[in-house]
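Novice: One-letter residues, chain by chain:
Number of protein chains: 2
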Amino acid sequence: MPFLKKYKELQKVVGKGIYGEPRTVLFAEIFEECDKFLSTLEIEDLISKVPGKEYFAFRMGGKSSRAVNKELFCRGMGGWDLLRECLSNNDLSPMSKTDLERTLYTLAISFCACIDIVKERDQQTPGTFFGYLVAYLLHWRLGVEPKTSIKIMSVEGEADVNLQTDLIYDLGLKKQKFHVPVKTSSRERAIMLWAHQKLLDGAYGIERYMGTPVLLAETKLDKKNREVVEICLPDQWKVYQLYIARLKRVYYLDMPTPYLRLQGEFPPIMVKSFADLFSEWDDLMPV
Amino acid sequence: MPFLKKYKELQKVVGKGIYGEPRTVLFAEIFEECDKFLSTLEIEDLISKVPGKEYFAFRMGGKSSRAVNKELFCRGMGGWDLLRECLSNNDLSPMSKTDLERTLYTLAISFCACIDIVKERDQQTPGTFFGYLVAYLLHWRLGVEPKTSIKIMSVEGEADVNLQTDLIYDLGLKKQKFHVPVKTSSRERAIMLWAHQKLLDGAYGIERYMGTPVLLAETKLDKKNREVVEICLPDQWKVYQLYIARLKRVYYLDMPTPYLRLQGEFPPIMVKSFADLFSEWDDLMPV
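Heads up: the sequence lines are chains A and B, in that order.
Note that this note's numbering numbers the first sequence so that position 141 is 141, with each residue one more than the last.
Note that this note's numbering numbers the second sequence so that position 40 is 40, with each residue one more than the last.
Any given hint could turn out to be false.
For chains that are exact copies, the list does not tell them apart, and a pair is met inside one copy or across any two.
Stated by the list, open to error - With a straight-line Cα cutoff of 20 Å, these simulated EDC-like cross-link-like pairs (lysine to aspartate or glutamate) come out:
#1 LYS63 / GLU120
#2 LYS151 / ASP235
#3 LYS174 / GLU227
#4 LYS272 / GLU32
#5 LYS119 / ASP222
None of these hints come from the bench; they were simulated from the model.
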């Protein structure tokens, strides 16, 4: 498949730490190939158990993609072309928030859906790609390259532990640092987000690294009855935020409605649309 | 398969909270059926990349079980019969530690191996069974029944959060309480063990609940090249123990050697054989 070939090229470029034009071109080619491939597939309406949201799946023969949000998914490359222009002009104002949300979601979910169809139970490739995509977008927004590991001081006489992480941003002297875990979903592993925050708090001081995870969605498709549910545990998140550590933001591309209320409660958990990051990021910094 | 039929009966007995004889009989029947089934299978020697340990897999047609530790696995029901006698006499002294280790390991791995052969990529059934087995053994040892959820105080005006957990033991007034996560492996999710400890520490006070996870093994079999590796992250565990929370014990049925050294270092992490639990449990209690 052409999108897989381009994905392998992207992996090489990422491995070499190359940002800028080569990476932009590869993303464009991947999106275009995914869009072409998806346009040849059948659409199956799914039974949505998620209030206020409708989902479909792409199908080819006996194989089916994950659930795709109908309202957020857009055919064609229009959104990407506009986003790319906005990115290069360093000005997102020509895009409405809705346009931005739909474009970001479409870019992420298209590749994941393609992999669901052409591979067997492959969760790793979509997850890795989603990480690359978020890193690419944040690189544009923040202007710095992330690290994907962090040194944690061990005890005296022993070497520091080099902990593999998702994205770590150091914006420079006296500025906030960020830890951005990137996952296609959190589900029953959400506590790991707070655990990593607690570890960084312990090793570097509280909120020296701000935790701002980026998640794709919390939907789950039952392969047999074709029902889509959203697995949300807002009450558990509250006790994690109360007793383990504080996350500064949790960004979603397909925002689960049950988490919205957490913004206005105590302890607040600011669960927001990933599109919000682009406008509010500067306000997260204390200097 | 007879062992699956018996497992379903066990699920019902567990669901009804019945301990004692009915559960003992079902375990005996399951072990016997597993032993019978496994004795009909081929044995494949695996390439062990784990220093000092050898592994094999059961095979039937194109299907293969997980890796089984050669030294710990015993054919037949001899160990179980002796253990059962020891359990009912409340005296484990007739069993050497090695016998106990081999018996416990064989009981756990036999059912997992059977499921590997008869089911497709089913991790849940072996995990659930392993939880039942550990709960059964601990019930005998501690004399109390575990809870599998715990109330965590949320903020004022909101209901407590009922957190689903593995095994929670409350030994009574002024005595230590225990939180026993039970997993077939921890791998890259080990941080969740410390996160749950931190959550309980936060909600109830430090070490009000002692964390003593029980794990089966950390082996991983590469399906293609037939190599067995052990995935161990001792340096990461040290920083978890240093910066997140303190686990009192980590018990293994197939003890990964790289974790042994953590006993003698700072911060100490007492990673031990599950068989040790039976002799040392009383010493873990402060009263």
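Novice: All hints, please: hold or fail.
Specialist: A quick look at each hint next to the structure:
Within a single copy, LYS63 and GLU120 get their C-alpha atoms as close as 9 Å, and across copies as close as 17 Å, so both meet the 20 Å cut-off. For the identical chains of this complex, LYS151 and ASP235 are inter-copy neighbours only, at 12 Å across copies versus 33 Å inside a copy, given an alpha-carbon limit of 20 Å. Proximity of LYS174 and GLU227 under a CA criterion of 20 Å is satisfied in neither setting, with 49 Å inside one chain copy and 48 Å between copies. In the homo-oligomer, the alpha carbons of LYS272 and GLU32 never lie at most 20 Å apart, since the shortest distance is 28 Å inside one protomer and 54 Å across protomers.
For the identical chains of this complex, LYS119 and ASP222 are neighbours both inside a copy (18 Å) and across copies (19 Å), given an alpha-carbon limit of 20 Å.
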